[in-house]
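Asker: Fit chain B with the ligands to the given chain A structure using the hints.
As they're listed, the protein sequences go chains A and B.
Using my numbering, count along the first sequence one by one with no gaps and you end on 259.
Using my numbering, count along the second sequence one by one with no gaps and you end on 650.
Just to be clear, a hint being listed does not mean it is correct.
For each label pair, taking beta carbons as the anchor points, the in silico distance ranges come out as [what the hints assert, rightly or not]: (1) A:GLU239 with B:GLY560: 23 to 33 Å; (2) A:LYS107 with B:ASN416: 33 to 43 Å; (3) B:THR619 with A:LYS227: 33 to 43 Å; (4) A:GLU257 with B:ILE452: 28 to 38 Å; (5) A:GLU55 with B:HIS397: 37 to 47 Å; (6) B:ASN553 with A:ASN137: 41 to 51 Å; (7) A:THR214 with B:ASN311: 24 to 34 Å; (8) A:ASP152 with B:PRO507: 36 to 46 Å; (9) A:ARG194 with B:ASN262: 34 to 44 Å; (10) B:ILE325 with A:LYS106: 21 to 31 Å; (11) A:THR205 with B:ALA414: 56 to 66 Å; (12) B:THR498 with A:SER253: 54 to 64 Å; (13) B:LYS511 with A:LYS106: 22 to 32 Å; (14) B:HIS371 with A:ILE167: 19 to 29 Å.
No lab work stands behind these hints: they were computed from the structure.
Heads up, the beta-carbon is just placed ideally off N, CA and C, and yes, glycines get one too.
For reference, the chains in residue letters:
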Amino acid sequence: MKIIVCMKQVPSSNDVHLDPVTNTIIRDGNKSIINPFDSSALEQAVEIKERLGGEVTVLSMGIPDTQRLLRDALSRGCDKAVLLSDSAFAGSDTLATAYTLGLGVKKIGKFDLILCGKMAVDGDTAQIGPELAENLNIPHVTDVDEVIFVNDKEIICSKLIDGGSQILNVPLPALITVVKDIKIPRLPSIKGIRFSQTASLEILTAQDISADITKTGLNGSPTQVVKTFTPVQENTSVEFKGNAKKIAKQIASVLGEVL
Amino acid sequence: MANLTINKDLCNGCGVCINSCGNNAITLDNGKAIVNENCILCGICVDSCPCNAISIENISQPTKDISNSSGIWVFAEVSQGKLLPVGFELLGKGRALANQKKCSLTAVLLSHSSEAMAKELIYAGADDVLICADKDLHDLREELCTTILCNMIMARNPEILLFGATAFGRSVAPRVAARIQTGLTADCTMLEIDDKGLLRQTRPAFGGNIMATIICPKTRPQMATVRSGIMEPIHRDTTRIGKIVRVPFPSKLKTKTKIMETRLNKSTLNLADAKALIVVGKGIGSKKNMALVNQLADLIGASVGVSRPLVDAGWSEYKHQVGQTGATVAPKVLISLGVSGAIQHLAGIYRAEKIIAVNTDPDAPIFGVCHYKIVADCVEILKELIEIYKK
Ligand SMILES: Cc1cc2nc3c(=O)[nH]c(=O)nc-3n(C[C@H](O)[C@H](O)[C@H](O)COP(=O)(O)OP(=O)(O)OC[C@H]3O[C@@H](n4cnc5c(N)ncnc54)[C@H](O)[C@@H]3O)c2cc1C
Ligand SMILES: Nc1ncnc2c1ncn2[C@@H]1O[C@H](COP(=O)(O)O)[C@@H](O)[C@H]1O
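In isolation and in its complexed conformation, chain A is listed as follows (with noise of 0.2 Å):
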């Protein structure tokens, strides 16, 4: 099995708030992470893998910084790192992302089976894996929460929709995106730690991947975020105060006048 898992770079959400005078978004640390999903992409990639034997494959587009996070996925059992990197890639909306990607992939050559996350945390847009699925002409499936067979020509996989879950037979090479809780990903063990520091972790240009750069970046996405606003948060709370049975009470009046 040749797996390639798409992981990106987002910044640790944890540390973000608001500056409430200049309504600004700030950052304590900017450290950056892993997007959550792709770390658990990354355990059903090598799960698999340690089960069927082949290769995992990890691929992202990103800063160079990104470096540092995918000698962290090597020591966490995938055996490759790509990282396509360069000013040209800049400012990407999810058409020039999947675009970039689809051309990573195709460098990266034969593949059974491409794992993304649902969704990145900073974006939330949960795109990237159909777009690239189409790119590359191969099915998708979106929300996988478990992996139920898979071999080299098909997969059968269980995903959540809107008030349940669907069971899907999809012949391969397929893409699928995953929720967060399909697997928890493991710790890197001291051999896994020795060989990150050696692996493979190629970082390749537009020109690497033989990129149209009409294509990419700023110049190849059609949407254009034209402004960033804080949400008004029309704050004006009531306390209630007293006893516990007092307060119950108001309580219950207030849900009396919603429901």
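Answerer: Frame of chain A, contents of chain B with the ligands only:
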């Protein structure tokens, strides 16, 4: 190629942009901001700069001829043989946008049947309904629907195409956008037409901490998925008339994906749709107290949500988790018991209409977003509420 430009004459070295950047891409050099290779051109610093010193310059951009596109389309999703409410909500919004743009509003129906559904869509505001019907469309599958939708789009050139941000909508819309090579904005909560006639799409980002307004000026259709429960449907008007256009099911169309089984939750735990919610955090104290929570929930007909530590501790299950990595909820009323209000948790509840929060800590962040603040022991309040509703 595009660049982030900092105007040295305008920059006063205040450093606000450095704090706003998620990638450590800006530093100070001799009291002026400078940008480094980490920049991903996300644009957050542009808006944060109090001196308007930062801009993004986009040098070349290919343009396509988009002048012949017109009309607003709404994808009317059918699930389990029923039109989903979000389709009607989008037709309500779409009607207002179409009136403003003086263009037509079309509902797109891919379904196993039926005439009756098309009528409902017209009653709900559509000028016409495009139907593709086939037994293969009984269960919607992405690859089939992508091909049908893209054929329709290429033949008729709509200017705007809206999907509900359902599991299926969010899965099929990106495929369509990629095939057509156009922009798609996920999970919008606000849609407007600007003075140039462009669709302004506003969506929460960073777990609802900031809102971003996005346009798609150069390609068509302008596509968006829109959250359910936000837009207002118009009043059902059975005197409305409209045109029904049938599009043949493409003959050789096959899909490789097979649906082997569909299981619907009997327990109907769909936190996203709950009208009333009790959300519990660590402050509930013990697993035993969860029984009290469930008891009150039954009494008032509410669903139960929890913060992440309760799932981690095994006091509840993941499907109850509310927040950035759990469910996003939008109830009419939410009773928050013993939840601190961490940013990742707030990301899931910011759309609740009324939040009643109980916490022993008067400075708990949850009080920053609630409508009714109660500084008290949540277990005591819980017991008193049960007493009231038992009667
Ligand atoms: C990447 C990431 C994703 C995350 N995703 C989520 C998510 O989806 N959902 C989520 O909830 N969290 C999420 N978290 C965790 C989040 O950061 C917080 O740790 C969590 O929300 C805290 O839960 P809590 O408020 O129940 O617990 P605590 O923070 O421990 O707060 C307990 C609160 O109860 C109050 N209290 C104590 N005793 C009582 C009493 N007797 N009566 C009333 N109040 C009392 C305390 O004052 C305190 O405010 C995520 C974290 C990360 C890093
Ligand atoms: N820059 C990127 N590099 C690699 N994978 C990505 C990138 N952006 C998104 N992805 C993948 O696409 C998934 C969904 O991301 P998004 O559509 O941004 O919410 C993520 O969980 C990743 O698996």
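Asker: Could you tell me whether the CB distance from THR498 (chain B) to SER253 (chain A) stays inside 54 to 64 Å?
Answerer: This hint is violated: roughly 42 Å between Cβ atoms.
Asker: For the pair LYS107 (chain A) and ASN416 (chain B), does the Cβ-Cβ distance stay inside 33 to 43 Å?
Answerer: holds (35 Å)
Asker: Can the suggested window of 19 to 29 Å be confirmed for the beta-carbon pair HIS371 (chain B) and ILE167 (chain A)?
Answerer: Holds, at about 20 Å.
Asker: Just to be sure I understand the hint, the distance between the Cβ atoms of THR205 (chain A) and ALA414 (chain B) should be within 56 to 66 Å; is that true here?
Answerer: This hint is violated: roughly 39 Å between Cβ atoms.
Asker: Using the beta carbons of GLU257 (chain A) and ILE452 (chain B), state whether their distance is inside 28 to 38 Å or not.
Answerer: Distance hint for GLU257 (chain A), ILE452 (chain B) holds at roughly 35 Å.
Asker: State, for the Cβ atoms of THR619 (chain B) and LYS227 (chain A), whether the hinted interval 33 to 43 Å holds or is violated.
Answerer: holds (39 Å)
Asker: Is 24 to 34 Å a correct range for the gap between the Cβ atoms of THR214 (chain A) and ASN311 (chain B)?
Answerer: holds (29 Å)
Asker: Do the Cβ positions of ASP152 (chain A) and PRO507 (chain B) conform to the proposed distance bound of 36 to 46 Å?
Answerer: For ASP152 (chain A) and PRO507 (chain B) the Cβ distance comes to about 37 Å; the hint holds.
Asker: Could you see if the CB distance from GLU55 (chain A) to HIS397 (chain B) stays within 37 to 47 Å?
Answerer: Cβ of GLU55 (chain A) to Cβ of HIS397 (chain B): about 39 Å, so the range 37 to 47 Å holds.
Asker: So does ILE325 (chain B) sit 21 to 31 Å from LYS106 (chain A), Cβ to Cβ?
Answerer: holds (29 Å)
Asker: Would you say the C-beta atoms of GLU239 (chain A) and GLY560 (chain B) sit inside 23 to 33 Å of each other?
Answerer: holds (27 Å)
Asker: Take a look at whether the Cβ-Cβ distance between ARG194 (chain A) and ASN262 (chain B) falls inside 34 to 44 Å.
Answerer: holds (41 Å)
In summary, the structure is inconsistent with hints 11 and 12 from the numbered list given earlier, while agreeing with the others.
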